[in-house]
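Student: One letter stands for each residue in the lines below.
Protein chains: 2
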Amino acid sequence: MESEQLYQRGYCRNSYNSIASASSDEELLDGAGVIMDFHTTEDDNLLDGDATSPGSNYAMSNGGGAASSSTHLLDFLEEPIPGVGTYDDFHTIDWVREKCKDRERHRKINSKKKESAWEFTKSLYDAWSGWLVVTLTGLASGALAGLIDIAADWMNDLKEGVCLSAMWFNHEQCCWTSNETTFAERDKCPQWKSWAELILGQAEGPGSYIMNYFMYIYWALSFAFLAVCLVKVFAPYACGSGIPEIKTILSGFIIRGYLGKWTLMIKTITLVLAVASGLSLGKEGPLVHVACCCGNIFSYLFPKYSKNEAKKREVTLAAFVLRSINPFGNSRLVLFYVEYHTPWYLFELIPFILLGVFGGLWGAFFIRANIAWCRRRKSTRFGKYPVLEVILVAAITAIVAFPNPYTRQNTSELIKELFTDCGPLETSQLCKYRSQMNGSKAFTDDPNQPAEPGVYSAMWQLCLALIFKIIMTIFTFGLKVPSGLFIPSMAIGAIAGRIVGIAVEQLAYYHHDWFLFKEWCEVGADCITPGLYAMVGAAACLGGVTRMTVSLVVIVFELTGGLEYIVPLMAAVMTSKWVGDAFGREGIYEAHIRLNGYPFLDAKEEFTHTTLAREVMRPRRNDPPLAVLTQDDLTVEELQSVINETSYNGFPVIVSKESQRLVGFALRRDITIAIENARRKQEGILLNSRVYFTQHAPSLPADSPRPLKLRSILDMSPFTVTDHTPMEIVVDIFRKLGLRQCLVTHNGRLLGIITKKDILRHMAQMANQDPESIMFN
Amino acid sequence: MESEQLYQRGYCRNSYNSIASASSDEELLDGAGVIMDFHTTEDDNLLDGDATSPGSNYAMSNGGGAASSSTHLLDFLEEPIPGVGTYDDFHTIDWVREKCKDRERHRKINSKKKESAWEFTKSLYDAWSGWLVVTLTGLASGALAGLIDIAADWMNDLKEGVCLSAMWFNHEQCCWTSNETTFAERDKCPQWKSWAELILGQAEGPGSYIMNYFMYIYWALSFAFLAVCLVKVFAPYACGSGIPEIKTILSGFIIRGYLGKWTLMIKTITLVLAVASGLSLGKEGPLVHVACCCGNIFSYLFPKYSKNEAKKREVTLAAFVLRSINPFGNSRLVLFYVEYHTPWYLFELIPFILLGVFGGLWGAFFIRANIAWCRRRKSTRFGKYPVLEVILVAAITAIVAFPNPYTRQNTSELIKELFTDCGPLETSQLCKYRSQMNGSKAFTDDPNQPAEPGVYSAMWQLCLALIFKIIMTIFTFGLKVPSGLFIPSMAIGAIAGRIVGIAVEQLAYYHHDWFLFKEWCEVGADCITPGLYAMVGAAACLGGVTRMTVSLVVIVFELTGGLEYIVPLMAAVMTSKWVGDAFGREGIYEAHIRLNGYPFLDAKEEFTHTTLAREVMRPRRNDPPLAVLTQDDLTVEELQSVINETSYNGFPVIVSKESQRLVGFALRRDITIAIENARRKQEGILLNSRVYFTQHAPSLPADSPRPLKLRSILDMSPFTVTDHTPMEIVVDIFRKLGLRQCLVTHNGRLLGIITKKDILRHMAQMANQDPESIMFN
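Protein chains in written order, with my numbering: chain S, 1 to 777; chain C, 1 to 777.
In case anyone wonders, no lab produced these hints; they're calculated from the structure. Predicted, not measured: the structure shown is a model, and the values here were computed from it. There's no promise every hint is true.
One copy or two, either will do: identical chains are not told apart, so a pair holds if it fits within one copy or between any two.
Unchecked claim - Straight line, CA to CA, 27 Å or less: simulated DSS-like cross-link-like pairs of lysine-lysine:
1) LYS99 / LYS193
2) LYS681 / LYS307
3) LYS247 / LYS232
4) LYS99 / LYS518
5) LYS736 / LYS122
6) LYS416 / LYS113
7) LYS757 / LYS307
8) LYS122 / LYS108
If we strip away everything but chain S, and leave its shape as in the complex, we get (with noise of 0.2 Å):
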């Protein structure tokens, strides 16, 4: 019985109170110059709490046992106070309370579980809704990326024409099912009509040319105009990656709506219409949003998660993991496989090394770079109209990647063709080197060709496609549509490693008595794979731009299936973060998380100042004294006018203001709703009543009205830190604890205290950043 009631109490913390109850610290008091035996009362009597012992030694002491029995009546009425221990929109939640009030509910769980095979069905059901929630939300996310995929792909091609056959049909599906077309010819087929076909009747010629020329930008628009309207009249949620905001909610912050059911809806229609309208972004990112919302929406089926805040951050964050890293990848999202012939050579490590130079600068000037636009676009006018920039964005975009073959393709496809060896079957450009070209041979083993006009074409379209997604990408980020940034930075990157690879290749081949190609390239021989470096060139700048490393050499091996390739890739995202890292240290998330104000601590940067927690803490010098409360002398009406007057979280509760010695910590948002509570429930509570935090009522006069109780709302065990304690140890605790509010004290009393955001605006001061740029509580 006592652990139900334990558990009904708003949150664990509380729950311990009455078993703390039954010493007293007033009594402590009086033993003046003896080290305390706090251990007089039977440990039986501790653990049985209130019920039995009701002339515990605090009532006695101040000779009110009348109010104290009175307690006890209302100790039994008491009832969980609803809405207690919830959060309000954009608070950071406390992680211990949240974790603490888990392995309550467990263990009411497991000590129910003997009773009845109801309850043991019910344990199990628990035990397995980790599983269960996890599981719904892989295959729900992961049909909604099929989905997505399938829709854009189809909605692309539309700009190009539509498939007569069967409207519903893309390009290549509508190739397919005709048994005209050979193999060297895939994608021509009489079924599929480009518009120009379709609207003057041929297909080609200049007008047809401009005609397709219009239709493609007229698709574009049109795509992009619907994204951003319905993110904008539907879901202002869903525009962006939204990998900054998960990560501030993964961390502890409360963002009602955020992965929701409405952002999910909308993120994954306007997903659809972002990507088919040629924008230079890309559907990771958004796809992890739509993700988390699917594991948020789950996690309500089950009172485990739906009731806890930090429960549910552990689905959000399986979900998270499950659509970056993909562990049971089917073929379908393996999106770049690609299998090499040859080994990689110790010399090849050069350029290899360089590409990861070229990532980590890319990364460092484009995270500056477009950091500086989406700034500019909060802070001017121009920020207000975002159909117009994502319109005038789309229209550029569409204008300029038309007639170049390699930005007017689907990215997805270009750094597919980048990765891929150059083999019999390969028709690309990329490709055409002399042997296959003059015809007196049929295509040899030996890729290491000299290259044709063909390749140089194809090298210079490549040139000014790189300068084109470089600017493009800069601009589009950050837009109000979804967007995501793999597909582009890796685009860039493939574009930049296939440009050097084929550069190393025909430097192999006209200087083969080089010393470094000599001892490796034999003449004839197998020996550059301008695909691999492509694959390289992508991993580092996808590593200059997030600042991932080890996880991302995860993600390059889970999208390309290529593990011998290891070194290479260590050596070129390693050295893209270390020259990334010198221009700054935060990934583009951060500097995202960083631009919004959000409340994000973040685990990787160090804390090197050596300020002490005196100089952080609040109140500072010329501020007015710390709002506290004292733990039995206050009204019903001045403790209302503390909370009106304020607007901090909490306040801490002292013992009395004479000796600021602390007791506990209350939140103002409990206090709030537990008086209401008192008031519409319990008789008797009027402004004058007393409101005490102890576990006995304070003597009273005959005549006063009925005391108001709010022991249970009383977290008694907050954090404190001396005021000499350094910040970087501080900060560590917040940290790792997940801590929202820490009290300071210096020599046993109360002198200020310190928040998460007192952290990060010091944090910011320290960088030389705007210290009021860090919002939300």
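Since the structure of chain S is provided, determine the placement of chain C on it from the hints.
Tutor: The following block gives chain C in isolation, referenced to the frame of chain S:
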């Protein structure tokens, strides 16, 4: 200048003392009833510390200006006390302090690096020393592993015979050099002579069998005897796998010499001997220990690591992970590389999960049996004869192992044979199916063949080998020789898996019309891969013993290179973990940690009890009061008597016995060293000298001896929790912050102390184990 001084002061939390010293606490006592404004002193003053505030508040309020100025004289004389901030053997380290010390060092280097080219080079060296030491460690431990491999192979073959052409060749190398051998009989060549051939001059017949048998036992016993003697005489820490101890060391415990050069040397030699003796043990665990020794030894070359226990553990951890995961595994270390040609089918999950159940059962059984045996060894007289025990076990192993080819051969080779799919070149007994036997047709591509007597007898031998391995491994793990558990566990799993695999294969052959097989196994088609079953079984048994899951699967991939079989492996490993956990959540390493009483706070184990900090803290109810020091009224003599009368590792420092308000925490070792140092270096320090921990000396009569200032060894930011804090939160704090002790307060008054040992004892008590089994401090 200030920063240098800061750095030189023992450790960093103290270095802040001077910063925080300008305002004192006693002043605050006067301001009763007011929320204190602590920041009355100018910030500039605060940062300049002692030097710029000679007539500071404290001294003035006490009227002791003279004392104050003499203090300042002392301050400048004060040198870093050698030895302060180091640890005794068998003590736990304070992670917060160590990390803080490192940040201080880092700050110092950073601030200096612009001063000169030399300082800049030093800072570069410092930044790169991490990579350097890890690279060196990787190279050295890799080389040692290779040496051990080669030596163990050679000595293992020495049990069979010798190579006449070159003594230093093992069997395989001996026959490589021979031109007279064909591929099929590649292990028979004239150069290699068995002992019977050499001594008796005949290779066949019962006499030579007995001769070989005798020599096999002779060598096995010689190796085992040598190994155990070397360990016993030179380096007792070289025995066992070392993993439990390394886990404990990594969690922050000092065992001097455990990772030292003697251990390294003896472990390397005896590991070769132990493996060659044929005992049922592996070398992977001891190789991890060897790698960690290398890491530890190399870290002494770099001041960054040698002077910091936490940093040293980073290197050791890197060595541990490098060796365990082996990311740059060269072909030699991808021990059991296999390639299967068939996919797996969904119905095969049933036998895979059954193998998982077997693995879990075996793991649980092994842990219980091995721990029971080790406990008996520790508690009875039997444990006093380690040499005899090793010889006995080696003798039984050799006698039983010789007649059975599957136990006689090298365990790694056995595993390799069991993992390998039956192909056309396979000569193993396990692949003697009917189609190959009758000779009428050559090997077909269909390995689903009816089994022949050859396979049946192999099955029997495998069953016997399984029982033998299971029994011997229990008695071998824990002997006083280096012994790993990976290879024996894998062997047991692989044998069981192969048996199950062949059984399923035969089922599929004879019952190919069953609904399960019908769908997937056409007659004559490749369907069941017994080698895959062996791999899954090996992973399941490893999982059952170690209770690792994800990391284990990574290791299996690393060992076998089979990335397509993630689902079977995951299914088996997860099942094995669940089944094993049902019998007890501890892995074998945790069980041995507990058996040995190491102070290891397992991160996995959840603390689920509802006790409060006050119930765990010392002093207990009937204990003498907590030993505390007052901040300014003890004499040197009194201080020494407190230290001599107690055995605690540290003492809380309080304002006064009356108020019980906490000021800081001083370590026993630091106090002892500081007093000795002062006696040696400072004149006028007598037994009745006053000891003070405050910033300024207390006012003393004119004729009193010179006071001793100990503020520099005082930790001004000890961790505190309230007495109401649930133990689950306290355990969490200890785990996440790596604390050594934590003080318990009640309403701002010091009440008691909780150490890591108290927590471990409490946890043991809660699990109904003997709390006195936790040893050390």
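Student: List in ascending order the numbers of the hints, as given earlier, that are violated by the structure.
Tutor: Per hint list: 1, 4, 5 and 6 violated.
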